[in-house]
Amino acid sequence: MPLTPAALRLRSAGAHFVRRPVGLASALRASEGSSSRHAVKWILGTSPRMTCESGVDFFTIFILGLVPGIHTRHRQPLRLTFYSAHASSLRLRSAGAHFVRRPVGLASARSVPRIGVSRYRYPSEQERPERSEDSRSTHINAIQPGGIRSCARHLNDASPGFFHAFLAKIFMTTAKQEFLDGLRLVLPILVAPISFSFIVGAASVQQGLSALEATLMSAGVFAGGGQMLALEVWHEPQAWLLVMLAAISINVRFALQAASVRRKINHFSFVERWLTIATLTDPAWGMSEVRHLTRQVTFAFIAGITVPIYLIWVLGTLVGALLGNLIEDPAKFGLDFAFVGIFIALALPFWKRSGAVPVAIASGSTAIVCKLAGLGAVYVFVGAMAGVLVAAVMAWRRAMLAPTP
Amino acid sequence: MTLDAYNMSLILLVTLATFAMRAGGAVIMARAQLGPIATAAFEAMPVAVLTAVAAPAALTQGLPEAIAGAAAVIVGLRAPMAVVIVVAMATVVVMRQVLG
Chain A
32 MPLTPAALRL RSAGAHFVRR PVGLASALRA SEGSSSRHAV KWILGTSPRM TCESGVDFFT
92 IFILGLVPGI HTRHRQPLRL TFYSAHASSL RLRSAGAHFV RRPVGLASAR SVPRIGVSRY
152 RYPSEQERPE RSEDSRSTHI NAIQPGGIRS CARHLNDASP GFFHAFLAKI FMTTAKQEFL
212 DGLRLVLPIL VAPISFSFIV GAASVQQGLS ALEATLMSAG VFAGGGQMLA LEVWHEPQAW
272 LLVMLAAISI NVRFALQAAS VRRKINHFSF VERWLTIATL TDPAWGMSEV RHLTRQVTFA
332 FIAGITVPIY LIWVLGTLVG ALLGNLIEDP AKFGLDFAFV GIFIALALPF WKRSGAVPVA
392 IASGSTAIVC KLAGLGAVYV FVGAMAGVLV AAVMAWRRAM LAPTP
Chain B
2 MTLDAYNMSL ILLVTLATFA MRAGGAVIMA RAQLGPIATA AFEAMPVAVL TAVAAPAALT
62 QGLPEAIAGA AAVIVGLRAP MAVVIVVAMA TVVVMRQVLG
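Chains as they are written, first to last, in this note's numbering: chain A, 32 to 436; chain B, 2 to 101.
Please note that the accuracy of each hint is not assured.
[Claimed, not checked] Some but not every residue of chain A turned toward chain B, in silico, with C-beta under 10 Å: (1) Leu214; (2) Ala223; (3) Ile230; (4) Glu244; (5) Ile281; (6) Leu311; (7) Pro314; (8) Thr325; (9) Phe374; (10) Ala393; (11) Met416; (12) Arg429.
[What the hints assert, rightly or not] SDA-like, lysine to any residue: derived pairs with alpha carbons at most 20 Å apart: (13) A:Lys383 <-> A:Ala423; (14) A:Lys363 <-> B:Leu4; (15) A:Lys295 <-> A:Pro314; (16) A:Lys295 <-> A:Thr310; (17) A:Lys295 <-> B:Ala24; (18) A:Lys207 <-> A:Glu303; (19) A:Lys295 <-> B:Gln34; (20) A:Lys383 <-> B:Arg79; (21) A:Lys363 <-> B:Leu64; (22) A:Lys295 <-> A:Asp313.
Just so you know, the hints here were simulated from the structure itself, not pulled from any lab data.
Just so you know, even glycine gets a beta-carbon here, dropped at the ideal spot from N, CA and C.
Could you build all of it, start to finish, from the sequences and the hints given here?
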């Protein structure tokens with residue numbers, strides 16, 4: 032059976048509780064049942080003239096709005112508003128794009144508030160309506176559900192209080208679900224930020240920062256590798272230049288990650304977008320990339336990843352700094368070597384990648400030579416440049432050897 | 002719980018530099034398409050920097066540190082990050098006792 036307008040509309044609002052595509056009449060018959068079904072009734076209202084059982088498509092929804100006998104529960108005329116929908120925009124919308132910001136309506140479009148379209152999630156495979164052999168419904172199944180959802184987005188019900196409260200409820204549960212999805216993914220790896228933040232806190236006080244400064248640094252920088260590397264050169268001459276180089280060189284990966292993530296979060300609001308970018312971490316990036324393969328990435332999902340990491344990071348730094356203050360002689364516990372341990376642990380996943388071994392050998396050996404030659408803290412950057420150069424040459428050779436298409 | 006001007010200014014610098022990386026990537030690089038060589042160079046940067054820090058620190062300070070670094074690498078091929086750090090610290094403490 033095809034989607035009914037009610038199911039379509041509910042889906043357009045981000046709801047996926049209508050698991051089974053049901054005919055309009057049967058949906059209405061069932062509306063005395065569960066609360067979700069009840070909502071169908073609420074939104075559509077009941078009318079004896081509403082007899083279409085199945086095969087309802089986008090244009091039928093459109094026409095339904097024009098039939099005088101169909102009205103809402105409050106005896107108000109049923110009004111539908113649409114976003115302008117060209118074929119191309121339909122396609123793009125079904126792909127998750129939401130570039131049409133302004134509702135272009137049939138009637139009273141301006142009265143329709145912009146709903147957080149960004150929050151809907153793609154239905155998973157199980158939730159997708161089954162394909163129907165019914166000839167009447169082929170045309171509706173030919174269009175991706177996302178496109179339909181986006182077109183038939185609003186039913187401007189006469190009781191906006193209820194309607195919008197209802198929508199808000201849906202959005203909240205969807206967002207909550209997204210948040211929990213992110214949380215579930217990030218939980219197993221939280222042990223890394225916990226231990227890392229302790230060490231960063233301890234290392235910060237070891238380098239002469241107060242516990243408050245260490246916490247502020249973690250809250251502001253929110254990038255463990257960069258913080259450790261900056262702390263390593265904290266007391267060198269020209270430290271201001273070295274800490275900046277440290278932060279830039281190790282965090283330059285964020286530039287690549289942010290560039291990639293930015294293309295996937297076009298539908299976020301301005302604030303959501305910049306919160307995401309300003310707090311981008313390796314896990315948030317990686318999981319968003321994976322998530323994007325199957326469904327649209329939402330802000331709630333990213334928040335589910337980033338919020339626990341951020342809280343743990345800041346609090347863990349504070350705890351580590353307070354504990355680090357208690358330790359009289361850091362070398363006795365090998366704490367001075369924690370720096371090296373961290374850098375090895377951070378570098379190991381990279382070393383395992385193909386092509387990284389020559390880079391590591393070049394940068395490591397160059398850095399050792401420069402350090403033994405007494406170059407001071409600059410050895411890090413000379414070594415790093417040697418590694419980057421090797422990587423560039425390797426890529427250049429690959430490009431030369433590759434057959435031109 | 003004090004705030005030192007020197008520390009705070011450096012913290013601010015690190016914060017700004019890190020944010021500049023994230024924001025720069027989102028604003029500039031999301032629009033520009035990097036060539037394969039530039040991409041490879043950017044991607045190699047973290048591993049190059051990390052190695053340039055870790056290798057001299059592990060290999061030029063003495064035998065206990067070198068052994069601890071090697072132990073960390075071997076353990077790290079299988080174990081998670083926290084274990085690597087603990088192993089590195091424990092090995093260096095033990096080796097300093099044994100050798101020093």
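Against the structure, the hints come out as follows:
The beta carbon of A:Leu214 is not positioned within 10 Å of any beta carbon in chain B (closest approach about 19 Å), and the interface hint is therefore violated. Taking 10 Å as the C-beta cut-off, the interface hint given for A:Ala223 holds, the closest approach to chain B being about 5 Å. With a cut of 10 Å, the hint placing A:Ile230 at the interface with chain B holds, because the nearest CB-to-CB distance is about 6 Å. With its C-beta approaching chain B no nearer than about 5 Å, A:Glu244 sits inside the 10 Å limit, and its interface hint holds.
Below 10 Å, beta-carbon pairs count as interface contacts, and A:Ile281 has one with chain B at about 5 Å; its hint therefore holds. Residue-level restraint check for A:Leu311 holds (minimum Cβ-Cβ distance to chain B is 5 Å; threshold 10 Å). Using the Cβ-Cβ criterion of 10 Å, the hint placing A:Pro314 at the interface with chain B is not satisfied: the shortest such distance is roughly 12 Å. Interface hint at A:Thr325: violated, since its Cβ lies 22 Å from the closest Cβ of chain B, which is beyond the 10 Å cut-off.
Residue-level restraint check for A:Phe374 holds (minimum Cβ-Cβ distance to chain B is 4 Å; threshold 10 Å). Given the 10 Å rule on beta carbons, the hint for A:Ala393 holds: about 8 Å separates it from the nearest Cβ of chain B. Annotation: interface hint on A:Met416 holds; nearest CB of chain B at approximately 8 Å, less than 10 Å. Given the 10 Å rule on beta carbons, the hint for A:Arg429 holds: about 7 Å separates it from the nearest Cβ of chain B.
With a C-alpha separation of about 19 Å, the suggested pairing of A:Lys383 with A:Ala423 holds against the 20 Å cut-off. Annotation: proposed proximity of A:Lys363 to B:Leu4 is violated, straight-line Cα distance about 28 Å (limit 20 Å). Restraint check: the Cα-Cα separation between A:Lys295 and A:Pro314 comes to about 16 Å, which is no more than 20 Å; the hinted pair holds. The suggested pairing of A:Lys295 with A:Thr310 holds, with an alpha-carbon distance near 16 Å, which does not exceed 20 Å.
Proposed proximity of A:Lys295 and B:Ala24 is supported: the alpha carbons are some 15 Å apart, at most 20 Å. With a CA separation close to 16 Å, the supplied pair A:Lys207 and A:Glu303 stays within the 20 Å bound. Distance restraint check for A:Lys295 and B:Gln34: the Cα-Cα separation of roughly 16 Å lies within the 20 Å cut-off, and the hinted pair is therefore satisfied. Simply put, A:Lys383 and B:Arg79 have alpha-carbon atoms about 11 Å apart, close enough for the 20 Å limit, and the pair holds.
Restraint check for A:Lys363 and B:Leu64: satisfied, since their Cα atoms lie roughly 16 Å apart, inside the 20 Å limit. Annotation: proposed proximity of A:Lys295 to A:Asp313 holds, straight-line Cα distance about 16 Å (limit 20 Å).
Violated hints, listed in ascending order, are 1, 7, 8, 14; each of the other numbered hints is respected by the structure.
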